[in-house]
Amino acid sequence: MKRHGTNPIRYSALSILFNGLRGNQAWTPAWRQPEPKPHYDVIIVGGGGHGLATAYYLAKEFGITNVAVLEKSYIGSGNVGRNTTIIRSNYLLPGNNPFYELSLKLWEGLEQDFNFNAMVSQRGVLNLFHSDGQRDAYTRRGNAMRLHGVDADLLDREAVRKRLPFLDFDNARFPIYGGLLQKRGGTVRHDAVAWGYARGADMRGVDIIQNCEVTGIRRENGIVTGVETTRGFIGCGKLGLSAAGNSSRVAEMAGLKLPIESHVLQAFVSEGLKPFIDCVVTFGAGHFYISQSDKGGLVFGGDLDGYNSYAQRGNLATVEHVAEEGKALIPSLSRVRMLRSWGGIMDMSMDGSPIIDRTHLDNLYLNAGWCYGGFKATPASGFCFAHLLAKGTSHDTTRQMRLDRFERGYLIDENGQGAQPNVH
Amino acid sequence: MASLVPCPHCGARPKEEFTVKGAAQVRPAPDTDKKSWVDYVYLRENPRGRYEEFWHHTSGCRRWLVVIRDTATHEIESSCDAAFAGQTDART
Ligand SMILES: Cc1cc2nc3c(=O)[nH]c(=O)nc-3n(C[C@H](O)[C@H](O)[C@H](O)COP(=O)(O)OP(=O)(O)OC[C@H]3O[C@@H](n4cnc5c(N)ncnc54)[C@H](O)[C@@H]3O)c2cc1C
Ligand SMILES: [Zn+2]
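Going down the list, the protein sequences come from chains A and B. Under the working numbering, the first residue of the first sequence is numbered 1, with each subsequent residue one higher. Under the working numbering, the first residue of the second sequence is numbered 425, with each subsequent residue one higher.
These are computed hints drawn from the structure, not numbers from a lab. In this text the structure is predicted, and so the values were computed from the model without any measurement. Where a beta carbon is used, it is the ideal one built from N, C-alpha and C, also for glycine. Possibly wrong hints are sitting among the right ones.
[What the hints assert, rightly or not] Calculated pairs, DSS-like style, for lysine-lysine (alpha carbon to alpha carbon, straight line, at most 27 angstroms):
id: 1; chain 1: A; residue 1: 60; chain 2: A; residue 2: 391
id: 2; chain 1: A; residue 1: 257; chain 2: A; residue 2: 391
id: 3; chain 1: A; residue 1: 327; chain 2: B; residue 2: 439
id: 4; chain 1: A; residue 1: 295; chain 2: A; residue 2: 105
id: 5; chain 1: A; residue 1: 37; chain 2: A; residue 2: 60
id: 6; chain 1: A; residue 1: 274; chain 2: A; residue 2: 295
id: 7; chain 1: A; residue 1: 257; chain 2: B; residue 2: 445
id: 8; chain 1: A; residue 1: 183; chain 2: A; residue 2: 327
id: 9; chain 1: A; residue 1: 162; chain 2: A; residue 2: 295
id: 10; chain 1: B; residue 1: 458; chain 2: A; residue 2: 257
id: 11; chain 1: B; residue 1: 458; chain 2: A; residue 2: 37
id: 12; chain 1: B; residue 1: 445; chain 2: B; residue 2: 458
[Unchecked claim] Stretch-level coverage of chain B by chain A, calculated; a stretch enters the list once three of its residues show a Cβ under 8 angstroms from a Cβ in chain A:
id: 13; segment: 429 to 437
id: 14; segment: 472 to 483
id: 15; segment: 495 to 506
Build out the structure end to end from the sequences listed, making use of the hints.
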């Protein structure tokens, strides 16, 4: 394998000891800062989790190494570094479930695969229910999961109480009836995912080009010949768009109008506390979810702010609403201080499900519409998008995630909410 | 988001009184072709910048408004009653 610049470090217990003894002054960068070449076989727009994973699998699994990932800012500056790190595969619909289960399986082997500690923690994801109707819905979902070979356990009220005694079980409006638990779900250190994939892709010859914004897509005779960027024109054989949150803007450069709106979602972290919540819990009566990071901070979030936005910040009313829901579920939160909050811009698709597909241009491929569930999808999204780019055909698990499903009437609408992205 | 939304009937009111519907698009005629309907229901310009959208003053006059807002700065340019879209104009 041809390498440019310094060799990447191979992490091991020994290298930590060695570098520790040398005052941690000898670590070298985990990936290069290459100048763009005039032409690549494949260019990926967007150095988020999905773009980096795509490049990694293109090189590792499909033998395509003349690849560039173009990122307008620094890698990890987008949603991959802004999400609440939850992974799970508790989906109901056949168009979604096998894909997310593939992703969970890839998470389970990821750290060995890219030799990087991503702190994959299968601490369990528990979705609470608060009425008989909701219990029925979760039973159905659990059964659908099991039929797909995915683990799911229905817990009654007492089983939930045993696990999380501090929840408000007798909330007058939304008492807790039980929960659907996916034990294999959990959390992952999000930045490390970007770094691990970046390092693994770079090692195999992929150029990760930061501070390089794509500003135009050059086309000749109905095919893409390359992209205009803030660092000049770069030619390509195939172009993959993976610009989460900005997909509409980038697709528009190729004359493509998408079934997507950009919305802001906020996340929150509290001061560090002693171990308190050992799994991910979601409040079924509103949209509140919470887990505890390894540093001790409570990581939580809620609904979209509700209006279209490209500003990576949200509104105070949503902060208040999320805090109220949190307190309704866990009364003892009332004395916890919130440390930080931030927002990320996501592609909300018209049915709440993603798109991994070809487009109207022969060598232009689209990976978009990940809504607020795209972090868990990172490995499978990268793998399946690489499959599509390399082979020209959809991976089996993404067969239904087509761009034309809307006009054909084959939506993958998990929540049954219709084409109203701000309520998904 | 601006914390106050101007309503042509009620004046500047807290954003929480309103419900956002989304893109203020013109509904196609019932008998128009399928493509226009697919466009209307599913496809969005999703601009970064000036955007016309429907807001409902749910906890106020309960009228539908067209609010012109910037999706990058969140600044509201103007609003008017949807029934008179483009005719009346309530400035902040
Ligand atoms: C607050 C919050 C909480 C979330 N919580 C979860 C969760 O718990 N679990 C879960 O599964 N999902 C969650 N998500 C969703 C998840 O983060 C996203 O769906 C996913 O990260 C999107 O894929 P990505 O990592 O590739 O996106 P990004 O990291 O956003 O990558 C896209 C990249 O494209 C770049 N880009 C855009 N335009 C251009 C251009 N013109 N030229 C070059 N580069 C460009 C951007 O700078 C960005 O780095 C959450 C999202 C948010 C905002
Ligand atoms: Zn009003």
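Comparing the hints with the structure gives:
Distance hint between residue 60(A) and residue 391(A) is fulfilled; the C-alpha atoms sit about 14 angstroms from each other, no more than 27 angstroms. At roughly 25 angstroms between alpha-carbon atoms, residue 257(A) and residue 391(A) fall within 27 angstroms of each other, so this suggested pair holds. Of the supplied pair hints, the one linking residue 327(A) and residue 439(B) holds, its CA atoms being roughly 23 angstroms apart against a limit of 27 angstroms. Pair hint residue 295(A) plus residue 105(A) holds up; C-alpha atoms about 26 angstroms apart against a cutoff of 27 angstroms.
This hinted pair checks out: residue 37(A) and residue 60(A) have alpha carbons roughly 21 angstroms apart, not beyond 27 angstroms. Straight-line distance between C-alpha atoms of residue 274(A) and residue 295(A) comes to about 9 angstroms, which keeps the hinted pair within the 27 angstroms bound. Distance hint between residue 257(A) and residue 445(B) is fulfilled; the C-alpha atoms sit about 20 angstroms from each other, no more than 27 angstroms. The hinted pair formed by residue 183(A) and residue 327(A) meets the criterion: a straight-line CA distance of about 25 angstroms does not exceed 27 angstroms.
Simply put, residue 162(A) and residue 295(A) have alpha-carbon atoms about 24 angstroms apart, close enough for the 27 angstroms limit, and the pair holds. Straight-line distance between C-alpha atoms of residue 458(B) and residue 257(A) comes to about 16 angstroms, which keeps the hinted pair within the 27 angstroms bound. Under the criterion of a C-alpha separation no larger than 27 angstroms, the hint pairing residue 458(B) with residue 37(A) is inconsistent with the structure, at around 44 angstroms. Between residue 445(B) and residue 458(B) the alpha-carbon distance is near 23 angstroms, which keeps this suggested pair within the 27 angstroms criterion.
Chain A is given as covering the segment 429 to 437 of chain B, and this is violated because 0 residues of the stretch bring a CB closer than 8 angstroms to a CB of that chain, at least three being needed. Counting residues of the segment 472 to 483 of chain B whose CB falls under 8 angstroms from any CB of chain A gives 3; the rule of at least 3 is met. Counting residues of the segment 495 to 506 of chain B whose CB lies closer than 8 angstroms to any CB of chain A gives 4, so the stated coverage by that chain holds, three being the minimum.
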